[in-house]
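If you read the protein sequences in the order shown, they are chains A and B. Quick note on the UniProt record's numbering: the first sequence kicks off at 1 and runs consecutively. Quick note on the UniProt record's numbering: the second sequence kicks off at 1 and runs consecutively.
Calculated from the structure, these hints are not laboratory results. Here the structure is a predicted model, which means the values were calculated and not measured. Where is the CB? At the ideal position from N, CA and C, for every residue including glycine. Fair warning: there could be bad hints in the mix.
[Claimed, not checked] For the chain A half of the interface with chain B, some residues (derived, Cβ under 10 angstroms), not all of them: (1) Lys9; (2) Asp43; (3) Glu67; (4) Ser71; (5) Tyr76.
Chain residues, written in single-letter form:
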Amino acid sequence: MEDYKFLFKVVLVGNAGVGKTCLVRRFTQGLFPPGQGATIGVDFMIKTVEVDGEKVKLQIWDTAGQERFRSITQSYYRSAHALILVYDISCQPTFDCLPDWLREIEEYANNKVLRILVGNKTDREDREIPRHIGEDFAQRHGMYFLETSAKEAENVERLFMEIAVDLMEQAKCKELPKYDGSLGPLNGKTTSVNDSSCCLRS
Amino acid sequence: MSLTLLLEKYDVSTEEGLQKALNKIEKEEAEVDEALSNALSRACTLEGRLRTASQAYTKLGEVRNDAQVAANMVDKTAALAKDVSAKVRQLDLARSRVAECQRRVHDLIDLRVCSAGVETAIKAHDYETAAGHVARFLSMEPGSVAAARARGVADPRRDMDAAASTLRDHLVRKFEEASKREDDTAVERLFKLFPQIGRAEEGVDLYAKYLASQLESAVRRAGAVERSSEAGAFAAALTRALEAGAAHVERARLLLAAHAPAHTLLPRALAHLQPKVCAGARRICADMMSARRAGEAAPAGDARAVEPPLCELALAHERLQLYFAFLRKRPELTTNLTEAEKEKCLAEIEKIILECEITRVAQDVLSQYLTLERYFLEESVNKALKLSSAQSGATGSSLVDDVFYIARKVIRRGISTGSVDGACAVLNEAGAQLERCGAALRRRLAAPPPDPLPLPPPPPHDRPRAPPRDDAPRALYLALTNEAESGAEWAEALAEQAVREAEALWRGAGGAGGAAGAGQAGGRDKLRSCAAGLGAAAGAFRAARDLALAALRTALLPALTAWAHALVDPDTDDDELSEEAGALPAALDVLADAARAQLPASADALLAALLADLLARAEDALLRNHYDRRGGLCVERRVRRLATWAGGNAPGARERAGALAAAAALLALEKLAHVHEALPPAALPPARVRDVLARRTDFKLEDIKRLKL
Ligand SMILES: Nc1nc2c(ncn2[C@@H]2O[C@H](COP(=O)(O)OP(=O)(O)O)[C@@H](O)[C@H]2O)c(=O)[nH]1
Ligand SMILES: [Mg+2]
Numbered sequence: 001m002e003d004y005k006f007l008f009k010v011v012l013v014g015n016a017g018v019g020k021t022c023l024v025r026r027f028t029q030g031l032f033p034p035g036q037g038a039t040i041g042v043d044f045m046i047k048t049v050e051v052d053g054e055k056v057k058l059q060i061w062d063t064a065g066q067e068r069f070r071s072i073t074q075s076y077y078r079s080a081h082a083l084i085l086v087y088d089i090s091c092q093p094t095f096d097c098l099p100d101w102l103r104e105i106e107e108y109a110n111n112k113v114l115r116i117l118v119g120n121k122t123d124r125e126d127r128e129i130p131r132h133i134g135e136d137f138a139q140r141h142g143m144y145f146l147e148t149s150a151k152e153a154e155n156v157e158r159l160f161m162e163i164a165v166d167l168m169e170q171a172k173c174k175e176l177p178k179y180d181g182s183l184g185p186l187n188g189k190t191t192s193v194n195d196s197s198c199c200l201r202s
Numbered sequence: 001m002s003l004t005l006l007l008e009k010y011d012v013s014t015e016e017g018l019q020k021a022l023n024k025i026e027k028e029e030a031e032v033d034e035a036l037s038n039a040l041s042r043a044c045t046l047e048g049r050l051r052t053a054s055q056a057y058t059k060l061g062e063v064r065n066d067a068q069v070a071a072n073m074v075d076k077t078a079a080l081a082k083d084v085s086a087k088v089r090q091l092d093l094a095r096s097r098v099a100e101c102q103r104r105v106h107d108l109i110d111l112r113v114c115s116a117g118v119e120t121a122i123k124a125h126d127y128e129t130a131a132g133h134v135a136r137f138l139s140m141e142p143g144s145v146a147a148a149r150a151r152g153v154a155d156p157r158r159d160m161d162a163a164a165s166t167l168r169d170h171l172v173r174k175f176e177e178a179s180k181r182e183d184d185t186a187v188e189r190l191f192k193l194f195p196q197i198g199r200a201e202e203g204v205d206l207y208a209k210y211l212a213s214q215l216e217s218a219v220r221r222a223g224a225v226e227r228s229s230e231a232g233a234f235a236a237a238l239t240r241a242l243e244a245g246a247a248h249v250e251r252a253r254l255l256l257a258a259h260a261p262a263h264t265l266l267p268r269a270l271a272h273l274q275p276k277v278c279a280g281a282r283r284i285c286a287d288m289m290s291a292r293r294a295g296e297a298a299p300a301g302d303a304r305a306v307e308p309p310l311c312e313l314a315l316a317h318e319r320l321q322l323y324f325a326f327l328r329k330r331p332e333l334t335t336n337l338t339e340a341e342k343e344k345c346l347a348e349i350e351k352i353i354l355e356c357e358i359t360r361v362a363q364d365v366l367s368q369y370l371t372l373e374r375y376f377l378e379e380s381v382n383k384a385l386k387l388s389s390a391q392s393g394a395t396g397s398s399l400v401d402d403v404f405y406i407a408r409k410v411i412r413r414g415i416s417t418g419s420v421d422g423a424c425a426v427l428n429e430a431g432a433q434l435e436r437c438g439a440a441l442r443r444r445l446a447a448p449p450p451d452p453l454p455l456p457p458p459p460p461h462d463r464p465r466a467p468p469r470d471d472a473p474r475a476l477y478l479a480l481t482n483e484a485e486s487g488a489e490w491a492e493a494l495a496e497q498a499v500r501e502a503e504a505l506w507r508g509a510g511g512a513g514g515a516a517g518a519g520q521a522g523g524r525d526k527l528r529s530c531a532a533g534l535g536a537a538a539g540a541f542r543a544a545r546d547l548a549l550a551a552l553r554t555a556l557l558p559a560l561t562a563w564a565h566a567l568v569d570p571d572t573d574d575d576e577l578s579e580e581a582g583a584l585p586a587a588l589d590v591l592a593d594a595a596r597a598q599l600p601a602s603a604d605a606l607l608a609a610l611l612a613d614l615l616a617r618a619e620d621a622l623l624r625n626h627y628d629r630r631g632g633l634c635v636e637r638r639v640r641r642l643a644t645w646a647g648g649n650a651p652g653a654r655e656r657a658g659a660l661a662a663a664a665a666l667l668a669l670e671k672l673a674h675v676h677e678a679l680p681p682a683a684l685p686p687a688r689v690r691d692v693l694a695r696r697t698d699f700k701l702e703d704i705k706r707l708k709l
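Just chain A, same shape as in the assembly:
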């Protein structure tokens, strides 16, 4: 058995080209990749972080933004513990597509999934979406909000660490046994996997 206590699945979605792959690479490998091709289907990365002295394994699924990969990427929504919806602050159309992405999320993801809106590429001079517009949108749809730059490594670590902390708090609340009648658990095992938004314990 590997040495970690919690395993969380984090899925990144959003239009092609907004910088999802760069965010993941920045976080997992500490670099800003020069000119890699567009993601095909779904890519998969792992990083183990430490929260309050406990090992937390983040399984990060980086999806392709194009329509023709939708049937692949949709299959990952359901088991996600956190969904990061990314747009490009220098590209209005990527922001305009957010409602479509939200519809996808409503349809396929668990309704208790942690949702984070991320405006990426803050290093760019040609901003088109002011910060408060993004913030408003996030607030209206019950999402966390953060602006990042994968290029300048701004807020990237923070984005994933806050997700890890938040999910761990959620998971800890649910550590109680499921069946709470007058009888104890049958064989000492507590099963909480069925509760769809909960983490998988290792």
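Given the coordinates of chain A, work out where chain B with the ligands should sit on it, guided by the hints.
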């Protein structure tokens, strides 16, 4: 000691003093004598050593002279050798100059022959000879040509260039004529001349164009779909078209392999051929996708009707992957390439694959396959759920059997697409549906029917048993509990099986990574992680089973409580004791037989839990009752029988039964003082011992307090 000192020290005026001085002097004399003889003996050895040393010195002188002579000789030899090697070098130089001269002479002779020869050979339509001349010219050293010019010969290069270009024009014309005639032999013969005249790339372009036009019609012929309604018709056509493409690529490779630089020529040829493959494959796939859309393929929600199209889409995608894998393997098969050349060649091919149309087409096919597969999966599971809830009895097929049959089939088909992403997506969808089934089972197991398992009540049987009820709901409930149990096991087995079967994805394709967008290792991890997602489904089934077992415990609790009270009942008639002590084990046998027969996998855990419930209640009751010794003896006897039963039938509850037996033994004590004999060491904590003893009405509390435990 000097005489003066002697005189000072000793009083020589007295005879005694004189005598003392004399003694002293004599003593010193003896010492001096001894020292002297020591020194003399050493002088002897020293002399010997000196002699040896002087002999050695003479010898060293001789050695030195010899060495000097040797050194002089070495110096002389070195000088000689230097001389010789300089001469050898000169000789070498001379020889290579002679060789060069000879080559130049040959070149000059050939040059004359060449420029004259090309014209003649062209006139004679002997293109092989003409190309041979040009090749000879091209292989000449520039120095030879320059030398020829320097001697006043008219610049031979101009003539040769002109001749070479005439030859090229002729060859191109001849090539085109041969292509029109579709004369493969002539085409290949002519192609081989292009590298000789230094125009390998032009030759490849011509040859690849020729192949491409042949390929175009081959693909058109192969891709014709006559009965499109027939299952698999499009996939078969696609297979034929891709095979035609592969055959032409291989023909080009075999011809090009012999010509440098083969590693750039092969991708160059592929660039001409690939568009023809793409055009054909795209047309077939477009037709296939419009013919096999969910709406048309599945009239009125009949999930089974979409299976043939699903298989066809999966097969088509797998064929496209296979074709890519075929292309990727070509450099490896070209054995005369260096590793670096192979790598460059593969990178070029990879780029062509990434940018070609059928890469997109494959993605679209996979997308449609997945959409349809999701539909199939959902519909099939819906049907299985409906079917199983309609069945009131436990007969017929089970929900778990059905859904796992579907899931396994779907996962296999997902793997058969040849795509890691496809297999992963199907695993995810299958996991979701199985989890849904687990949740559905859980809902149906929330409320058990009355008397789900038989447990005869304790005597006296004054309450008549309820008339036997309809057995069907009970059987169904237990059957569903079993299904939940096996569902959990199957989900885990299915995950393992999927990982095993998915190995084919890496065995077949020479790097499924291309389509998966990740390296092989990454692809494997991805697939493992998706397969592990089936663990969530296992959890859902397990939760359903746990719920059912907990409900069974709750349902049996009233009967168990009655038995618990009977077990520790203080007022029992002595006469019936032996029969009565066996009543609970007998009742438990009935329960255990039923549980083992109907819940084979969960029976042991359930019995242990039920017994624990019974024992806990018996302990509580015991601590509330009052006993005399007779009552205590009865309890002890009954509990011992129960503990024996637990030992054989419910090992999980053995310890707890032992503790109750120990408590009962305390109740049966004749005298308080016997407590240590009656109690096995550490069977009960001291506080509990006192509590139990306090239930005996004839034991005094202060005596109990005074006991040393
Ligand atoms: N200036 C800037 N460019 C970025 C940033 N993140 C990504 N990019 C660029 O945006 C393009 C698309 O990035 P990618 O990560 O492939 O986007 P994805 O399709 O969402 O995965 C690339 O050219 C990146 O170099 C960023 O933070 N700042
Ligand atoms: Mg990407």
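Right, here's what the structure says about each hint:
Below 10 angstroms, beta-carbon pairs count as interface contacts, and A:Lys9 has one with chain B at about 9 angstroms; its hint therefore holds. Satisfaction of the interface hint for A:Asp43 is found here, the shortest Cβ-Cβ separation to chain B being roughly 6 angstroms, below the 10 angstroms cut-off. Checking A:Glu67 against chain B: minimum C-beta separation of about 8 angstroms stays under 10 angstroms; hint holds. With a cut of 10 angstroms, the hint placing A:Ser71 at the interface with chain B holds, because the nearest CB-to-CB distance is about 4 angstroms.
Contact between A:Tyr76 and chain B, as hinted, is supported at the beta carbon level, the nearest pair being about 6 angstroms apart and thus within 10 angstroms.
Comparing the model with each numbered hint stated earlier shows that all of them hold.
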